[in-house]
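Residue numbers (our numbering), protein chains in the order written: chain U, 1 to 232; chain L, 1 to 126.
Hints may be right or wrong, so weigh each one.
[Claimed, not checked] Listed next, the in silico EDC-like pairs over lysine to aspartate or glutamate satisfying Cα-Cα at most 16 angstroms (straight line):
id, chain 1, residue 1, chain 2, residue 2
1, L, Lys41, U, Asp102
2, U, Lys168, L, Asp16
3, L, Lys41, L, Glu63
4, U, Lys19, U, Asp54
5, U, Lys168, U, Asp102
6, U, Lys168, L, Glu57
7, L, Lys41, U, Glu174
8, U, Lys126, U, Glu172
9, U, Lys23, U, Glu77
10, U, Lys5, U, Glu64
11, L, Lys27, L, Glu63
12, U, Lys63, U, Glu103
13, L, Lys110, L, Glu99
14, L, Lys41, U, Glu214
15, L, Lys41, U, Asp164
16, U, Lys28, U, Glu174
17, U, Lys45, U, Glu64
18, U, Lys120, U, Asp102
The set of hints was computed from the structure by calculation and includes no laboratory data.
All values derive from a computational prediction rather than experimental measurement.
Okay, here's what each chain looks like letter by letter:
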Amino acid sequence: MIEFKNVSKRFGTTVALEKFDYKFEQGKIIGLFGPNGAGKSTSIKMIVGLNRPDAGEVTVDGKEPRISRANIAYLPEIDHLYPWMPIKQAARFTSTFYADWDETKYNELLNFLNLDPQMKIGKISKGQRAKTKLLLTVSRRAPYLLMDEPLSGIDILTREDIIDAIIKDYREGEQTIIISTHEIAEVERLVDEVVFLDKGRVKLAGSADELRAERGHSLVETMKEAFRNVNQ
Amino acid sequence: MAYDSSRPIYRQIIDDFQKQLVRGELKQGDKIPSQREYAEKARINPNTVQRAYREMETMHMVETLRGQGTYIIVAEPMLTDMKAHLGQKILGYFIAEMESLGYDYAGMIKLLHSEQDQRRAASKDD
Numbered sequence: 001m002i003e004f005k006n007v008s009k010r011f012g013t014t015v016a017l018e019k020f021d022y023k024f025e026q027g028k029i030i031g032l033f034g035p036n037g038a039g040k041s042t043s044i045k046m047i048v049g050l051n052r053p054d055a056g057e058v059t060v061d062g063k064e065p066r067i068s069r070a071n072i073a074y075l076p077e078i079d080h081l082y083p084w085m086p087i088k089q090a091a092r093f094t095s096t097f098y099a100d101w102d103e104t105k106y107n108e109l110l111n112f113l114n115l116d117p118q119m120k121i122g123k124i125s126k127g128q129r130a131k132t133k134l135l136l137t138v139s140r141r142a143p144y145l146l147m148d149e150p151l152s153g154i155d156i157l158t159r160e161d162i163i164d165a166i167i168k169d170y171r172e173g174e175q176t177i178i179i180s181t182h183e184i185a186e187v188e189r190l191v192d193e194v195v196f197l198d199k200g201r202v203k204l205a206g207s208a209d210e211l212r213a214e215r216g217h218s219l220v221e222t223m224k225e226a227f228r229n230v231n232q
Numbered sequence: 001m002a003y004d005s006s007r008p009i010y011r012q013i014i015d016d017f018q019k020q021l022v023r024g025e026l027k028q029g030d031k032i033p034s035q036r037e038y039a040e041k042a043r044i045n046p047n048t049v050q051r052a053y054r055e056m057e058t059m060h061m062v063e064t065l066r067g068q069g070t071y072i073i074v075a076e077p078m079l080t081d082m083k084a085h086l087g088q089k090i091l092g093y094f095i096a097e098m099e100s101l102g103y104d105y106a107g108m109i110k111l112l113h114s115e116q117d118q119r120r121a122a123s124k125d126d
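So here's chain U without its partners, still in its complex pose (with noise of 0.2 angstroms):
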């Protein structure tokens, strides 16, 4: 289980996040919602030990980040492949450093999302290069499953294509996704849990089908009335 206690976090003035409390679920998919500058980003970064709270406590399965990292599988928003390699070259150089490298489901993905392995990261389209973070991520067997802005940017058919592999991957119980997105009408279905964040507090968390049976409406509508008040 991944938890926050009371964290909060400045960047020079600007607030991040301020005592953002918040169990992620063992075995669920949840999706991390809110403005731009909620500080989705921030805490992401921060289960992964990028950052660190000013004050709060940030759990990896009871201890700090840093220890858990093995466990954890990240897929960062910025591009962080080296453009001259071929994606094969990136998948060897990739899984040097994780012992949980899962050669077999690389095979998979890499052709259920129609990647050539000799192809150069640097000479791919955006989308491509968005399923190629995708599989270098996934291909292994980490429990946890961090995303930040995986559909970001992208076209409609290859964010679908990515969201097909994320469940084709998923493991029922077995696996913790968390998911940072703005495309929130794309995952409707694929989120068991949400937070929205705002100003670097929880506004609002809860089962997804459960808030849909409270409020009669998507949660994309349960966004945009949750929000809708902020700007008056």
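Fit chain L to the given chain U structure using the hints.
Leaving out everything else, chain L in the frame of chain U:
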């Protein structure tokens, strides 16, 4: 099948199977897709599919035999109950919409009869 994001997804999965049963597309003893197959085809979170399948087991609609798959175990009188239940649900939406337009029950029934007559006449002309 289209899923409505404004209603609980797991419920819609159960409704989907119930409709197939009521229509006779699925019968007692038929095998339904595995949770994994259903999740991948419908593009839905496998946890949600699991919840729906578990509920269907609790409702005694299906039975999962380890290593073999999930099978429909519904027969009468459950089928008749299911049909009535689904019909009532749809009727609920209809009544709500019609009332919002100002129809009372008498008006709704009158409209239904006239629609029935029109359809009968149209099919006679074919």
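Comparing the hints with the structure gives:
1. L:Lys41 to U:Asp102: violated, 24 angstroms
2. U:Lys168 to L:Asp16: violated, 22 angstroms
3. L:Lys41 to L:Glu63: Measuring from Cα to Cα gives roughly 21 angstroms; hence the hint is violated.
4. U:Lys19 to U:Asp54: holds, 10 angstroms
5. U:Lys168 to U:Asp102: holds, 15 angstroms
6. U:Lys168 to L:Glu57: violated, 24 angstroms
7. L:Lys41 to U:Glu174: Distance ~21 angstroms between L:Lys41 and U:Glu174 Cα, so the pair is violated.
8. U:Lys126 to U:Glu172: violated, 30 angstroms
9. U:Lys23 to U:Glu77: violated, 23 angstroms
10. U:Lys5 to U:Glu64: holds, 12 angstroms
11. L:Lys27 to L:Glu63: Satisfied, since the Cα-Cα distance of roughly 13 angstroms is no more than 16 angstroms.
12. U:Lys63 to U:Glu103: violated, 29 angstroms
13. L:Lys110 to L:Glu99: holds, 14 angstroms
14. L:Lys41 to U:Glu214: Distance of about 28 angstroms is beyond 16 angstroms: violated.
15. L:Lys41 to U:Asp164: holds, 9 angstroms
16. U:Lys28 to U:Glu174: holds, 8 angstroms
17. U:Lys45 to U:Glu64: holds, 13 angstroms
18. U:Lys120 to U:Asp102: violated, 22 angstroms
Taken one by one, the earlier hints fail for this structure at numbers 1, 2, 3, 6, 7, 8, 9, 12, 14, 18, listed in ascending order.
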